[in-house]
Every structure is written in C-alpha cells, then in structure tokens.
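Peer 1: Below are the chains, spelled out letter by letter.
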Amino acid sequence: MKEIPLIYEISNEDRDTISLPQDIEFFPQEELPKELLRKDLPLPQLSEVEVVRHFTNLSLRNFGIDLGFYPLGSCTMKYNPKINEELAHLPGFTKIHPYTPEDLSQGCLQIIYELEKLLCNITGMDRFTFQPSAGAHGELTGLLIIKAYLKDKGERRNTVLVPDSAHGTNPASAVMAGFKTIEIPSDERGLVNPNILKKYMNKDIAVLMLTNPNTLGLFERNIEEISEIVHREGALLYYDGANLNGIMGYARPGDMGFDVVHINLHKTFSTPHGGGGPGAGPVGVKEYLTHYLPKPLVDFDGEKYFLNYNIPKSIGRVRSFYGNFSVLLKALIYIKLMGEEGLRKSTEIAVLNANYLKEKLKDIFNLPYPSLCKHEFVLSGKKQKEKGVRVLDIAKRILDFGIHAPTISFPLIVEEALMIEPTETETKYTLDNFVSVLEKINREIEENVDIVKTAPHNTPIKRLDEVLAVKNLKVKWG
Amino acid sequence: MPYFPHTPKEIQEMLSFLNIETLEELFADIPESIREKARENFKLPKAKSEIEIFRELEEISNKNKGKDFISFLGGGAYNHYIPSVIKQIISYPTFYTSYTPYQPEVSQGFLQALFEYQSLICDLTGMEVANASLYEAGSGVAEASLMAYRINGKKDILISQGVHPEYREVLKTYLNGIELNYKEIPLNENGETDLKVIQEYLSNETSCLIIQNPNFFGVIESKIEYISELVHKNNSLFISIIYPISLGILKAPGEYNADIVVGEGQCLGSPLNFGGPYLGIFATKREFIRQIPGRLIGETRDMEGKRGFVSTLQTREQHIRRAKATSNICSNEALSALATAVYLSLLGRKGLKKVAELCYDRAHYARKKLLENIEDLEFPYPSYFFNEFVVKFKKPAKVVYEALKNKKILAGIPLNRFFPERDKELLLAFTEMNTKEEIDYLVKTIREVLK
Amino acid sequence: MYPEDRKYSKEHEWAKIEGKEAIIGITYYAQKELGDVVYVDLPEVGREIKQGEVIATLESVKTASEVYSPLSGKITRVNEKLKEKPELINEDPYNNGWIAILEFSDSKEYDNLLSSEDYKKLIEG
Numbered sequence: 001m002k003e004i005p006l007i008y009e010i011s012n013e014d015r016d017t018i019s020l021p022q023d024i025e026f027f028p029q030e031e032l033p034k035e036l037l038r039k040d041l042p043l044p045q046l047s048e049v050e051v052v053r054h055f056t057n058l059s060l061r062n063f064g065i066d067l068g069f070y071p072l073g074s075c076t077m078k079y080n081p082k083i084n085e086e087l088a089h090l091p092g093f094t095k096i097h098p099y100t101p102e103d104l105s106q107g108c109l110q111i112i113y114e115l116e117k118l119l120c121n122i123t124g125m126d127r128f129t130f131q132p133s134a135g136a137h138g139e140l141t142g143l144l145i146i147k148a149y150l151k152d153k154g155e156r157r158n159t160v161l162v163p164d165s166a167h168g169t170n171p172a173s174a175v176m177a178g179f180k181t182i183e184i185p186s187d188e189r190g191l192v193n194p195n196i197l198k199k200y201m202n203k204d205i206a207v208l209m210l211t212n213p214n215t216l217g218l219f220e221r222n223i224e225e226i227s228e229i230v231h232r233e234g235a236l237l238y239y240d241g242a243n244l245n246g247i248m249g250y251a252r253p254g255d256m257g258f259d260v261v262h263i264n265l266h267k268t269f270s271t272p273h274g275g276g277g278p279g280a281g282p283v284g285v286k287e288y289l290t291h292y293l294p295k296p297l298v299d300f301d302g303e304k305y306f307l308n309y310n311i312p313k314s315i316g317r318v319r320s321f322y323g324n325f326s327v328l329l330k331a332l333i334y335i336k337l338m339g340e341e342g343l344r345k346s347t348e349i350a351v352l353n354a355n356y357l358k359e360k361l362k363d364i365f366n367l368p369y370p371s372l373c374k375h376e377f378v379l380s381g382k383k384q385k386e387k388g389v390r391v392l393d394i395a396k397r398i399l400d401f402g403i404h405a406p407t408i409s410f411p412l413i414v415e416e417a418l419m420i421e422p423t424e425t426e427t428k429y430t431l432d433n434f435v436s437v438l439e440k441i442n443r444e445i446e447e448n449v450d451i452v453k454t455a456p457h458n459t460p461i462k463r464l465d466e467v468l469a470v471k472n473l474k475v476k477w478g
Numbered sequence: 001m002p003y004f005p006h007t008p009k010e011i012q013e014m015l016s017f018l019n020i021e022t023l024e025e026l027f028a029d030i031p032e033s034i035r036e037k038a039r040e041n042f043k044l045p046k047a048k049s050e051i052e053i054f055r056e057l058e059e060i061s062n063k064n065k066g067k068d069f070i071s072f073l074g075g076g077a078y079n080h081y082i083p084s085v086i087k088q089i090i091s092y093p094t095f096y097t098s099y100t101p102y103q104p105e106v107s108q109g110f111l112q113a114l115f116e117y118q119s120l121i122c123d124l125t126g127m128e129v130a131n132a133s134l135y136e137a138g139s140g141v142a143e144a145s146l147m148a149y150r151i152n153g154k155k156d157i158l159i160s161q162g163v164h165p166e167y168r169e170v171l172k173t174y175l176n177g178i179e180l181n182y183k184e185i186p187l188n189e190n191g192e193t194d195l196k197v198i199q200e201y202l203s204n205e206t207s208c209l210i211i212q213n214p215n216f217f218g219v220i221e222s223k224i225e226y227i228s229e230l231v232h233k234n235n236s237l238f239i240s241i242i243y244p245i246s247l248g249i250l251k252a253p254g255e256y257n258a259d260i261v262v263g264e265g266q267c268l269g270s271p272l273n274f275g276g277p278y279l280g281i282f283a284t285k286r287e288f289i290r291q292i293p294g295r296l297i298g299e300t301r302d303m304e305g306k307r308g309f310v311s312t313l314q315t316r317e318q319h320i321r322r323a324k325a326t327s328n329i330c331s332n333e334a335l336s337a338l339a340t341a342v343y344l345s346l347l348g349r350k351g352l353k354k355v356a357e358l359c360y361d362r363a364h365y366a367r368k369k370l371l372e373n374i375e376d377l378e379f380p381y382p383s384y385f386f387n388e389f390v391v392k393f394k395k396p397a398k399v400v401y402e403a404l405k406n407k408k409i410l411a412g413i414p415l416n417r418f419f420p421e422r423d424k425e426l427l428l429a430f431t432e433m434n435t436k437e438e439i440d441y442l443v444k445t446i447r448e449v450l451k
Numbered sequence: 001m002y003p004e005d006r007k008y009s010k011e012h013e014w015a016k017i018e019g020k021e022a023i024i025g026i027t028y029y030a031q032k033e034l035g036d037v038v039y040v041d042l043p044e045v046g047r048e049i050k051q052g053e054v055i056a057t058l059e060s061v062k063t064a065s066e067v068y069s070p071l072s073g074k075i076t077r078v079n080e081k082l083k084e085k086p087e088l089i090n091e092d093p094y095n096n097g098w099i100a101i102l103e104f105s106d107s108k109e110y111d112n113l114l115s116s117e118d119y120k121k122l123i124e125g
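Protein chains in written order, with my numbering: chain A, 1 to 478; chain B, 1 to 451; chain C, 1 to 125.
Treat the hints as calculated values from the structure; they're not laboratory data.
Check each hint, because a few of them may be wrong.
One-sided and incomplete, this derived list gives chain A residues near chain C with beta-carbon spacing under 8 Å [stated by the list, open to error]: (1) L37; (2) E466; (3) V470.
Derived pair list, reagent style DMTMM-like, types lysine to aspartate or glutamate, alpha-carbon separation capped at 20 Å [said to hold, decoys possible]: (4) K324(B) - E66(C); (5) K155(B) - E128(B); (6) K117(A) - D255(A); (7) K369(B) - D255(A); (8) K471(A) - D111(C); (9) K453(A) - E439(A); (10) K43(B) - E32(B); (11) K444(B) - E378(B); (12) K203(A) - E228(A); (13) K471(A) - D92(C); (14) K87(B) - E86(A); (15) K63(B) - D103(A); (16) K360(A) - E21(B); (17) K474(A) - E3(A).
All C-beta atoms in this analysis are idealised placements derived from N, C-alpha and C, irrespective of residue type, glycine included.
Pulled out of the complex, with its shape left as it was, chain A reads as follows (with noise of 0.2 Å):
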C-alpha cells in the first residue's frame, strides 16, 4: 500500500479555515504588547475534507476490536458495546462542566456514587476514589495510600515486593511512590510460594503488590497464607486489578485479605481501549484506610449527591476534577447491563475460551505451567526458537490472518513468551479458527520458514525497522 502523506505534507498557506463566529471585532492588537505575542504559528492549514479523508484513511490502517480477534494477554479486549458510547455523548454529561455547582450536576455525582457501591461489592472493598486514570495511576494511588498509612503508624518501612511475573508497572509505580523494589521468584508452579514469600518478610517489607490471577493467568491458590504471612509482618496486601476479568463472581479481593486494589476499567468494564486510553484505574481500600483516600470523595445525605471534601488524612490529589469521568459513566452502563449474573457468566466463559484455547494449543506450542489457568494464559515457542524462529516472528505471521497477536515476551520468566486471553466475547469459531492459524504458522516453521522468518506480508507495511527508529531518531515533522 502506498504511504499516507502526513498532514503537513498536504497543507496549503493559501486554504481557509473551518467557519467561525465573525461577530465581535474587537481584538486590539496594540493592546498587547509584542513581547507577549507569538511570532509565527507554524501549524499546517488544510480543508475540512482533506482532513477527514486523511484522518478516515489512517483509519483504515489499524487493527481494532471490532474489525477482529484481539487476544493481547493481560489486555482483556473485550467487545466494547455500542450503547456505551451512545449515552456517554448525551450532552447532559459531555456539556458538564467539572465546577458546576452540586445542584446543577447531580447526574454526574450519582454516577460516580452508584458506580462505587457497586465496585465496592464486586471487589469487596469499602471505599473507591476515581481520580486515578489508569492501572498505573491507581498503583501509584495506592502505593501512597499505604505509605501515608504507615508514616502515621510511625513506621519507615520502605520496600515493595513484587513477584517475578508482575507487570512493569508495578515496581515503576514503587520507585514513584519512594519504594525499593525487590523481587521474589515465582516457584515451579508459577505462583507466589508461601515458603519462599517468608523469606522475604522482614520490618522494612511495607506491602506485596499481588495479580491475582497472575500473569501467568494462574490463580494465587495459597492466598490466604500469603495474606497472613504478609499481615502478621505488619505489611499490606496490594491487588492489581488487571485480571480480575478471571475471577470475577467468584472470588473478591477484599475476601482475599486485599487491603488496596484498584481496577482497569478499560479491561474488566468494557470501556474501549482507545489506541493507548483513557481508561480509568479506580482505587478501593478497606475502611481504615478511607481517611487517606485522594479527595475529593462523592457522597450522598439523604437528598442530595455531594462532593465531600472532609477526609482528615487524605494523601491529596493525583490529578485534577474527579477522574476520566465518561469512562466511569461507561463502565457503569456496562455492569447495569450485565447485572450480577452476567458479571459473574461473563468470568466464566472467559475462563472457559482461555482453558478450551490453551488445551487446543498445548501440543503446538510447550505450556510451561499447565495447570488449570482462568482469563489468560502462556505458551513458549521454545521448540519454535530452536527451529530460528522467535516469538516476534509467530506474532508478525499472526497478523497475515487478520488477527491481532498475542502479548510477546511477558511475562519475562517464560522463554519466548506468548500470552494469550481470548476473553468472553468471542465465539468458539472463533477460537478454532485461530488454533488452525496457529497450526498452519507452526508447519510453515517446518516447510517454509522464510514466509514466517519475513512476515508480516498482508499488512499495509512491511516489517517495521525497530533500530532504525532508535537510532534514526525522528519524533517529529520536519
């Protein structure tokens, strides 16, 4: 296919811009002083249709959800439903203007109130703040919460433990909050062993940050001695929320000994991904934390929906407003629409296309853990890099057949990684088909390694030059 010219590469001096107001002609310049004004405004000057055929082209160069399977592990893309988006450009929400007194924007508070009760239920927590705005905001959340919680108890405990198997967040989001990090080893199982866990406990352990399940897509089944291990130490308990897609009905963080979590809405909730967001990170606590939650919180007198300002100990804000609010008003839709048995359906048949997948695909690929797993779980094509083909190889051929690849190369304690959840919304079709994918790619290693070695060959480019781009670098036009 032929490249798209960016914007720039079309811009015309001479073209006019979109119709505005002509009304009031006031503006002096000679009122403002020209050391205050800008010299030149180097933007490109394009028509309204150049714009939209560009914009609608490029579109038509990337692979989303509805156009396919998008199995990317620890992503859970799900299907994201049309209403959502429909009642979340009502102009009753997307007119609001985040300091509009109380009385005026009590639709939006109700919001945010009945979306925390329910969260509150589904994780088993007891209070919710919405300001953080993705998975990584709400770890850094947290993480604070606990470290105010500790600096009060007089304590100076000072390190994160995070398993070997956890996302790069984690121990990013520590470092953030002023944490060492250190790692524990996942043991033959994939889990987090109790055994090895104590080891790690000391009086400067403040909290282990736990997926439950894992990303190994495996569920941390000694829980409740790790919980206790790690309480009797005087630490907390943190739970990413990134795979609670696998649990959910059956079994709350809250239940588990969890004392901070947070959520991905975008991935449990349904809440489109958006090519890298927004999503939405909310944090839960357990009450004796809910002093220190970010404020404001919305609460509810009886009459009237209200920002409540007073929490005595609160660690402050981690953004301004509230939160990426018509993610909140989606993700509310979302659970309204599922109700508690669709919720907890949905987990299961999640479950079920991931173990139908990973038993289709286990003699393909080697399963290093294969054991029962829930939402995701993760093959190595160990047999296939000894054949000198890598894992980024199988993921660029994945794309010739219309299907978004797996996540590769995470979690980092499996040899050429390929983590792989289908979620609930896709069909057992579906699912064959990709496993005859898979199969097919996996003969080509054998009979026609080139085909796999240069793909990908049916996509709008060719494989892209990685080095290039670092080396070269080039960020912007021009």
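Once you've looked at the hints, dock chains B and C against the given chain A.
Peer 2: Okay, now just chains B and C, sitting in the frame of chain A:
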C-alpha cells in the same frame, strides 16, 4: 446475554473437550472459603435491557441541569467549540477499539496520527519533542518536576501560586513519593508571580521553577522571558504550563526558552465531560528526550523502505525498564490526542489564531462592559489577561453567584472554592462559544443583582 | 570468539590488562544475546568503581542490560565513540567496542576471573 455469543451447545462441547461437566469446575483452583464468601457477598442488581438503560441514563443526564445554563466557567476546563469532524473520526471503530500499538504493522493509522499529534504540539509550543500524551495537566506537572529532578538531581521544586490550585495539590501529593521539597512563590499585587521572591528563593538546590501562563487567575505573566533567564542563570530548569488555545496569539514557551512544557489539552477537541478524560500535553527540548515520561512515536522504514511509525525509545518505559523507568505510565490518553490532532489540523494556523482572538475579544468586551456599567465591583489584577479574569464585589460573591444562577447563568468560579478567604471574588472565563448577547445579559444581570 | 589475551566474568564481561590499566568490554556471546545495541550509557571518568558494580548500560530496542565491572578501580577513559556508534559493540566487541578503561586496584580480582578456556566452557557447556 448479549456479549458472549456462545450457545448452550457450544458451551457443552467446550466443557466436554476439557473433560469437565460444569463451568464452576473451572474455578476449582480458588479455595472454597473464598468462593463461599463471593457467593454470599457478590450481590448486584439484575441485568437491564438496553431500552431500560437508555431511559434510566437519559433521566440521570437530565439531572445535570447545568447543561442548559449560560456558562462562564473556566479554571482549567473550557467550553470550546468541537467541530463535528472530530466526533466522527474518534468514533471510527478501528481507532477507538484498538489498544496501545504493540504491533506497529497493524497500527499504522494510530501511530501516524500520534506522530502528527507530537509534531503539532511541537509547533504549537515551539518545543522540539512532545510525547504521545499523559493523563491530564495536573499529573503532567508532577511528571515534569520528577523529570527535572532526574536531569539535575536537585531537590527544590519551586512553583508559582499562579498555578492552578489543583495542579499544585497533585504536585504536592506526588512529591510525597520521591520526597522532594515543595516551595510556593506568591503573586505580586498585579497577580503576576513575584520576581523578588523568585530571586530570593533561587538557590543551588533549585531543580526547577514552574509557572502557568496565563495563570490560574487569567493574568498573563508578562515577565516570563526574564524569569526564564533568571532560572537558567541559576542552572535550574524552567517549566511552563500552558493553555493551548492562548498560543494562537501568545508567545510560545519555546520562544522564552522553557525546558519542559505541560498543558491541559481538553480545550483542543475534548468535551468537558465533568472533568475527564482530558489530555496531558507534555513537550521538552531534544537534549532531554531520554528523560521524557510516556510513549513516544518515531518514524522509521519497513523492509521495503517505506515510511512507517513505531513506538520508540521504549527502554525508558515501565514494560522494559521496570523500576528504572522514567515513569510508571502505560495507558495514556491516546484517543484525546487523536482528537487534538484532528482539531489542530482542521483549524490550522488561521483557525487557532482566530479562536484565540475570539476568546480574547469576548473577555475584553465583557470586562469593558462591566467596568462601564457597574460601580460596585473591581478588578483586583490590572495586568494583561487573555480570556479569563477575576472580578471582586463589595458583598459576598456567593450572593451574586446564586442570584445569577437563578437567572440560568453560571458566573464562573467563586474563588472561595479554593481560597476560603477570597469570598468576594469570581473567576470568569470567556470562549468563542459565548455570544455578545450572553455577555450583555451577564452584565445586565449582575447590575440588577447588585442593586 | 574467546581471545586468550584477556579474562572473563560469568556475567559476560572481559578485562584486558595493559600495564596498570584494564580495558573492559562485553563478550561476543553477550552482544549476540543483546541484539542490536542502540544506545550506551557510559560511566563518568574519574569514578571509583567496585567489582560487580554497574559500569555501563547497553540498550537494544526492547531491553536495557547492565554491564558489571569485572574489576575494581578508577575509571580513566570511556569509549566516546560508542555515543555515536553504539553498533561497535556488536561489530567488534573485543576491540573497537571496548567500553571503559580503569586503573585497577586489586590484581587478585583479575587472577580470579575466568580464563578464555573456562569461559568457553561456560558458554558452550
């Protein structure tokens, strides 16, 4: 259930393939005690149909009566016009149902759009590098100061009291993590950051100075170029927070040698949405590129030599560098960045300048009319301003505000929302969305109320 | 692949003695595992470094790997050419792709490093 398409027969087939009988058996690895608690406590309302949900949500949205008011609200979020083109483009399913472009060959559309976004932000701000977005401006300010610390290792963060009070709160919260020193610089009687205090506070330990321009009170920081010079002479970094629309006419941060630029991009194509999702604009100088937080899109070539785009300098990011990453950010605000790329492409240099002029016009027209028609008010800050200013009454602002509210006018933000002692002042903002009639009505109504 | 004029660490660094100084680099095997090196973060000249401390960070597109100093000492020179041409690490790891030179402080440390033969055994098993 609408969103899992399995038939009972398919479920049965899949279960038998797995040699199990019930879906529940898939959860045998979860201890029974935990499952038991979930059975008892996981209690949610029953599912509702789309028809019922529509009705319910429309009703809730109608409780947001503010939607029908004439609004002069600003303070970091502004009611600007969003051309129809934007809504269409960000609604393309291949854009909004995609995720982080981990597979660039099937993400060229978004990657190119983000590369264009980065380029447009560079041109708008006069900077050399922009990232592909942060969450919003407040956390952007915090990221900027952490970046300054990474660059020069100094521990004092100076911030003007002209910076949005919520951004300052965010910064303070973040600085409890890394534990840097937070020091505020007051405003002088003109509402501009006090030069004398800056000079007094600058020291060997100063990592950066953060100034918002126009500042929270609408005042244009007229000495910003000089302040930037002072900061650089002190071997510290200068961080500037922008209101992107104002850059249609006002001097760009690159022109006064800012080192890092943060901005709230909501005004460039995102709806007010009760505070989010918005867009954290983040730009810097090329020399600091390896310290930038967040995703960065770069140009490259494919195997056949064709131009293409990929995420680049990924070793800065959490998924590779983990504890040593420049930030923990993963999900960002890509869709808002796309909206902004479309917005800036549509308006272009002429359109953005025009919008800035319209905002400036309306605010100045309003101030002139207020001055001419009403005696019992004053403007505490005589400085230059862009589209927002503070007005002070002789009586409590709340009285005026409530009376105007009864006339379906949202007369800006009562300043005591942030500063309890400032109970006689309102912060009024004007955009191209406010008509002359609305402004005349505002002035007339204030006059009636003050009588 | 395993020049005999120098010694090796288990972490795949080499050290070559020239008078009071030692030249430090990474091995052929290490650069191959790393893939295309696109950026090298070099240490400050003059810094005192202990054996096992991070002396440099090498980045490929998707990894950042730390290079541990096989010896203790004071850094006297770094290979400035790597700033412009990080690919020298891949192209010529034992010569032009050297990373730093240090004035070593304890020759016993050198003696305890792996010989070329032992290192070969480590890699090839």
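Peer 1: Does each hint fit the structure? Answer for all of them.
Peer 2: To see whether the hints hold, each was checked on the structure:
Interface hint at L37(A): violated, since its Cβ lies 40 Å from the closest Cβ of chain C, which is beyond the 8 Å cut-off. Proximity of E466(A) to chain C holds as hinted, the smallest CB-CB distance being about 4 Å (cut-off 8 Å). Restraint check, V470(A) versus chain C: the minimum CB separation of about 4 Å is within 8 Å; hint holds. For the given pair, K324(B) sits about 12 Å from E66(C) by alpha-carbon distance, which is consistent with the 20 Å threshold.
Using a Cα cut-off of 20 Å, the hinted pair K155(B) and E128(B) is violated, with the two alpha carbons roughly 26 Å apart. Simply put, K117(A) and D255(A) have alpha-carbon atoms about 16 Å apart, close enough for the 20 Å limit, and the pair holds. For the hint pairing K369(B) with D255(A), the CA-to-CA distance comes to about 62 Å; that exceeds 20 Å, so the pair is violated. For the proposed pair K471(A) and D111(C), the alpha carbon gap of about 38 Å is over 20 Å, so the pair is violated.
Proposed proximity of K453(A) and E439(A) is supported: the alpha carbons are some 16 Å apart, at most 20 Å. Between K43(B) and E32(B) the CA atoms are separated by roughly 18 Å; this keeps the pair inside 20 Å, and the hint holds. With a C-alpha separation of about 16 Å, the suggested pair K444(B) and E378(B) falls inside the 20 Å cut-off, and the hint holds. Annotation: proposed proximity of K203(A) to E228(A) holds, straight-line Cα distance about 15 Å (limit 20 Å).
The suggested pairing of K471(A) with D92(C) holds, with an alpha-carbon distance near 18 Å, which does not exceed 20 Å. For the given pair, K87(B) sits about 11 Å from E86(A) by alpha-carbon distance, which is consistent with the 20 Å threshold. The suggested pairing of K63(B) with D103(A) holds, with an alpha-carbon distance near 9 Å, which does not exceed 20 Å. Under the criterion of a C-alpha separation no larger than 20 Å, the hint pairing K360(A) with E21(B) is consistent with the structure, at around 18 Å.
Using a Cα cut-off of 20 Å, the hinted pair K474(A) and E3(A) holds, with the two alpha carbons roughly 17 Å apart.
Of the numbered hints stated above, those contradicted by the structure are hints 1, 5, 7 and 8, listed in ascending order.
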